[in-house]
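Novice: Go ahead and model the full structure; you've got the sequences and the hints to work with.
Mind the numbering: the sequence shown is residues 7 to 71 in my numbering, read in order.
For the record, the hints were derived by calculation from the structure and aren't laboratory data. Being a predicted model, the structure only gives us computed values, none of them experimental. Please note: incorrect hints may appear among the correct ones.
Label-pair restraints from in silico Cβ distances [stated by the list, open to error]:
#1 Gly59 - Gly30: 15 to 23 angstroms
#2 Leu43 - Thr12: 29 to 37 angstroms
#3 Leu55 - Ile16: 17 to 25 angstroms
#4 Ser56 - Gly30: 32 to 40 angstroms
#5 Arg49 - Ala20: 17 to 25 angstroms
Built from N, CA and C at the ideal position, the CB exists for glycine as well.
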Amino acid sequence: MIPSSTRTGILVGAVLALTWIVLGFWAFFFVAVAMALGALIGRIVDGKLSVAGLVDAFRGKRSSS
7 MIPSSTRTGI LVGAVLALTW IVLGFWAFFF VAVAMALGAL IGRIVDGKLS VAGLVDAFRG
67 KRSSS
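Specialist: Encoded structure:
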């Protein structure tokens, strides 16, 4: 059986490819951005991503933790 992360990657790739083929580039771009934002929000909600660390990274601060 295919590992879960590989299966998810295949599904995401298929959704993006079909979006591009059926609706065009800008719809593909919007769907890709929405999926990335959804993944980011999901990681924050799960506690796997620190908002403070993310803000510091955008400000250019380095962290060893």
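Novice: Go ahead and decide if the range 17 to 25 angstroms is satisfied by the Cβ distance of Leu55 to Ile16.
Specialist: holds, 24 angstroms
Novice: Could you say whether the range 17 to 25 angstroms given as a hint is met by the Cβ separation of Arg49 and Ala20?
Specialist: The hinted range 17 to 25 angstroms holds for Arg49 and Ala20, with Cβ atoms some 22 angstroms apart.
Novice: Taking the beta carbons of Ser56 and Gly30, is their distance inside 32 to 40 angstroms?
Specialist: The hinted range 32 to 40 angstroms holds for Ser56 and Gly30, with Cβ atoms some 37 angstroms apart.
Novice: Does 15 to 23 angstroms hold as the CB distance between Gly59 and Gly30, or does it fail?
Specialist: violated, 36 angstroms
Novice: Range first: 29 to 37 angstroms. Now tell me if the beta carbons of Leu43 and Thr12 are that far apart.
Specialist: violated, 23 angstroms
Consistency note: the structure conflicts with the earlier hints numbered 1 and 2.
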